[in-house]
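Trainee: Residue numbers (numbering that gives the first Met the number 0), protein chains in the order written: chain A, 0 to 321; chain B, 0 to 352.
None of these hints come from the bench; they were simulated from the model.
Some hints here could point you the wrong way.
[As the list claims (entries may be wrong)] Derived CB-CB ranges, DEER-like:
(1) Arg348(B) to Arg123(A): 51 to 59 Å
(2) Val319(B) to Val32(A): 55 to 63 Å
(3) Ser173(B) to Glu157(A): 53 to 61 Å
(4) Pro177(B) to Ala24(A): 55 to 63 Å
(5) Thr212(B) to Ala208(A): 39 to 47 Å
(6) Ala206(A) to Val319(B): 42 to 50 Å
(7) Ala24(A) to Leu203(B): 47 to 55 Å
(8) Gln205(A) to Leu132(B): 51 to 59 Å
(9) Arg123(A) to Arg210(B): 39 to 47 Å
Ideal placement from N, C-alpha and C gives every residue a C-beta, glycine not left out.
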Amino acid sequence: MSDQGVTMPRAVLSGLRRHEWLGLAAVLVLGIVAMAATQPAFLSTYNIYIMLTAFSLSVLIALSQMVILAIGQLNLSVGGLGGLAAVIFAGAMDVLGLPVPLAILAGLAVGLLGGLINGIVTWRTGLNAFIVTLATLSIFKGVNIGLTEAQPFYGIAEPVKWFGNARLGALPALLLVSGPVVILTGVILARTMFGRHLLAVGGNQQAAALSGVGVGRIIVLAHVASGGLAAMAGMLAVARLQLGQPTIGDDWLIVSFAAPVIGGAVLAGGHVSVIGTCLGVAIITLINNALVLLRVDPFAVQLLLGFLILFAVGLGRVRSGR
Amino acid sequence: MTRTDQPAATGADRERKRGGAGMAAGPKPGRAALGWLASNEAGLLMITLLFVLLFSQLTAGFTSLFNLYALTRVLAIDAVIGFSMMVVLVTGGLNLAAGAIGVCGAMAAGWFMQALGLPVWLALPLALCVGALLGALNGALTVWMDVHSFVVTLATMSIFFGTMILLTEARAFSDLPPGYVALAKTRYGFWSGLLVVTAIVGVLLWLLFHRTTLGRQILIAGANPRAAAMSGVPAGLTVIVCHALSGGLAALAGLMLTSRNGAALPSMAGQLGMDWLLPAFLAPILGGTLLTGGTVSVAGTFLGAALVTVLTNGLLQLQVGEFWIQAFLGAILLIAVALDRLRAVWIERRRVR
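Work out the full structure, taking the sequences as your base and the hints as a guide.
Mentor: Encoded structure:
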């Protein structure tokens, strides 16, 4: 696959460099056309609804990782934190009997607090975020399992259950959460001072600090945002599953990296793309759906995602090379 | 031996005059050869013994012969998992795919023995080769793509595990030769026989890093790849060798675990083999192997694994509840890396002076 990237004609390459997401969009359209032509079930309203539901959830997971990639770090605890927020959200309704808005606040607070811990520890100690978030991943997951004793919370409030299943034709209600969040993230990154500082810190921390950017504040805020996004993803997962599964978040890691990296995020930091990440999530969702419709083993998805990450990174090297 | 790094030579000499502290106090190039670090292993040993004493007083079951036997059996395997990560940390990289490779090695061994009917003496080395080959692939991709091994091993973790599940159809190999399964049941008093394997591996690794040219090249390339390349060290090759070694050790841990379980299970390291990550990082980091590369402590990694095993076992005996253990271990890792950071800063300051 990567050989193809190396021998790609120069004109295509320069086009890719200017509008890196155009290539992704082409891949996506091609995939959709191929599926629509061969699988009649693909364009059914219900199948589109299924795909959009998966997209709504995955895109939040991907954005949660993306804001950390933007500052040139990694966050292994996205799944751990999302899962903890999910069981706190479910437990607040089931065990404590809190009303839905309060439960949402509790879940969100867990996410923001967890992100705050990640950010402060990373910043104050200067440690590699990888190892910090590996440790906090175990802590979040451990607290999750300790609280739930690996049993799900079933007593989810009816409005939440309704929201998780509600749809207008092919449009899931979950899009009402992820749609605005995606747009907001895009606007913040592209149009606000915070967004530009975020990318400046990722691009060159020292230069950013010298030009007056509060590096510590930016790093901590990025982790807080990541935690908040992970918590939202966790709570949407509860709404969709109709129960507070302790295993929510266990399989988020690969997706969270794959989508932004496919979307052109540079792992060294300083360069991320919300449109690219969305297209990355869309491509992953399409692959997932295609493999289900074609009755391929679900583990083939993991396999393909691995190859996609390698391919995207290889392509990124080619793109930045000459 | 220490000619490669002049300031370190005095440190190593000082260390030797003090009498050192076990295996890792031997001469080695780079930052590790400073006096204070020598006491790291001694400190770990004392903390571990302290906890052994504490748990033996607090609980009735901790010092029972069977519990100690079970404990040393877990320790033998976890130490090898720690070694597997240690040899890549030396290069300044890491291996997220360690668990996935471990399961692949174990499943390969199961397939060789059960489906192909190969004898144990042939199947086990072949399985180790499978692990080493997968590791070498990680190393080659890391060097060739010139990206951090994090992203390479993240991708290959998914690829290796996915391929293994597709090939085995997620089925276990449970009809293994009795001679192989009996290996994990050997015991000397309360010592598990598996510790013999771990000890041999540990000595070989120590010899590699402290007595061979290749080992020294690995350490130098890990500390400063550019300087190493300029002085003629094949930095890329050392990365591939370390990843291959890591894969082989992961497969070995998988084989030991398979022998203990009596079956090769696709689920033995959790989803994508990620259950191994925590023990894999805990042991070397507690043991004083720096994340930035260029240092190694074989004895430290073993003692790190010992501390984690004793803590886990003791907390279980104290009825803390196994559900909370993971949170405890995560907190320990966080404290360990914070100390690791302090030590790195301290060494850096010593070097500047």
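Trainee: All hints, please: hold or fail.
Mentor: Against the structure, the hints:
1. Between Arg348(B) and Arg123(A) the beta carbons are some 19 Å apart, a value that contradicts the proposed interval 51 to 59 Å.
2. Taken as a hint, the range 55 to 63 Å holds for the pair Val319(B) and Val32(A), whose Cβ atoms sit roughly 57 Å apart.
3. Taking the beta carbon of each, Ser173(B) and Glu157(A) are about 46 Å apart, not inside 53 to 61 Å as hinted.
4. Separated by about 59 Å at the C-beta atoms, Pro177(B) and Ala24(A) satisfy the suggested range of 55 to 63 Å.
5. Between Thr212(B) and Ala208(A) the CB atoms are about 42 Å apart, so this pair conforms to the stated range of 39 to 47 Å.
6. Between Ala206(A) and Val319(B) the beta carbons are some 48 Å apart, a value that agrees with the proposed interval 42 to 50 Å.
7. Range check, Ala24(A) to Leu203(B): about 53 Å between beta-carbon atoms, so the 47 to 55 Å window is met.
8. One distance hint, 51 to 59 Å for the beta-carbon pair Gln205(A) and Leu132(B), is violated here, with the actual separation near 41 Å.
9. Between Arg123(A) and Arg210(B) the CB atoms are about 40 Å apart, so this pair conforms to the stated range of 39 to 47 Å.
In summary, the numbered hints that this structure violates are 1, 3 and 8.
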